[in-house]
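Given only the sequences and the hints, what does the whole structure look like? Please build it.
Okay, here's what each chain looks like letter by letter:
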Amino acid sequence: MPEAEDPPRLCPSALARPGAALIVVVQADGTVALLGRPLPATAAFLAEARRGREPERRFRFAAPCVEAECRQWTGGRCGVIDRVVGALGPEADAGAEGARPCGIRRRCRWHAQIGPAACEGCRLVITETRAGPDRAPA
Amino acid sequence: MPETNRFVVHLGELKLRDRQERRFEEAIQSAVLTELARIDFQGDVVARFPREWLGIWIDVQGGLRIDDKPAQAFAPRPG
Chain A
1 MPEAEDPPRL CPSALARPGA ALIVVVQADG TVALLGRPLP ATAAFLAEAR RGREPERRFR
61 FAAPCVEAEC RQWTGGRCGV IDRVVGALGP EADAGAEGAR PCGIRRRCRW HAQIGPAACE
121 GCRLVITETR AGPDRAPA
Chain B
1 MPETNRFVVH LGELKLRDRQ ERRFEEAIQS AVLTELARID FQGDVVARFP REWLGIWIDV
61 QGGLRIDDKP AQAFAPRPG
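Going line by line, the protein sequences match chains A and B.
Read left to right, the first sequence gives residues 1 to 138 (the numbering used here).
Read left to right, the second sequence gives residues 1 to 79 (the numbering used here).
I should point out that these hints are in silico values taken from the structure, not numbers from a laboratory.
Incorrect hints may have been included.
For each label pair, taking beta carbons as the anchor points, the in silico distance ranges come out as [what the hints assert, rightly or not]:
no. : chain 1 : residue 1 : chain 2 : residue 2 : range
1   : B       : Arg23     : A       : Pro101    : 25 to 35 Å
2   : B       : Arg23     : A       : Gly19     : 21 to 31 Å
3   : A       : Pro116    : B       : Asp18     : 18 to 28 Å
4   : B       : Ala31     : A       : Val66     : 30 to 40 Å
5   : B       : Arg19     : A       : Pro40     : 42 to 52 Å
6   : A       : Thr74     : B       : Asp18     : 45 to 55 Å
Computed from a prediction, not measured in an experiment: that's the story for all the values here.
No residue lacks a Cβ here, since even glycine has one placed at the ideal position from N, Cα and C.
Here is the structure:
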C-alpha cells in the first residue's frame, strides 16, 4: 500500500481565488483578526467581496504553497516570513509564546519554516496585489 | 481571553435529517460569508499615517516592502 503523501503546506498570504480559504480579516488598526476556523472563499464570497475594495486589502487567504512558482520563494524557503520576522527582531520571539488559535498552523508554510515566531509576524502582514492610489509612498 | 464573536442557532427539539442538517450548515455559512465579504475596516489605510502603522505589505507582484520609511515624510514639521 503506497504511503499517503503529506498535504501541501499552506501559504497564509495567498491571493483571493476560488479554492482559497478565508483566514483573516484586516482590522481598523492594520493588524489582522484570525478567524477561528478557515472558511471557503466561495465564488459567491469572492463576487461579493470584489464589489468593494480589493479583497486582499481587507482579508487574507490561505492556499497551497506553490514554492518555486512564487516570486517570494528564495533558496528553498519562503522569503516573506524570513524578512518579516527579521524586521521585527526580538519582538517576534517575545510574542511567540502567546500565539493565538489558528486554523492552518499545522500546515502553515511560515510556521513550518521558523516556528512560533512566524505567528507574531503573521499578525502584521497584509497582502496586496498591486499599488493603489491610497497606498503610502514608497 | 480575547473578545470573540460567536453565533449559535439553537433549534430546540427539532430533529433534522442529515441532508437537512447539511443544508442548514451551508446556508448559515453562506450568510456569514456574505456579511464577511462586505466588511471593510479600512485598516490598510492607516498606511497613510505611518507613525501608527505597524503593518507590513507584501506586494505579490513587486516584492516585499516594509512601510516604515515614509514615517519621516509624514512626521510633523518642527515649529
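Hint check:
no. : hint                            : verdict
1   : B:Arg23 to A:Pro101: 25 to 35 Å : holds (28 Å)
2   : B:Arg23 to A:Gly19: 21 to 31 Å  : holds (22 Å)
3   : A:Pro116 to B:Asp18: 18 to 28 Å : violated (39 Å)
4   : B:Ala31 to A:Val66: 30 to 40 Å  : holds (32 Å)
5   : B:Arg19 to A:Pro40: 42 to 52 Å  : violated (19 Å)
6   : A:Thr74 to B:Asp18: 45 to 55 Å  : holds (48 Å)
In summary, the numbered hints that this structure violates are 3, 5.
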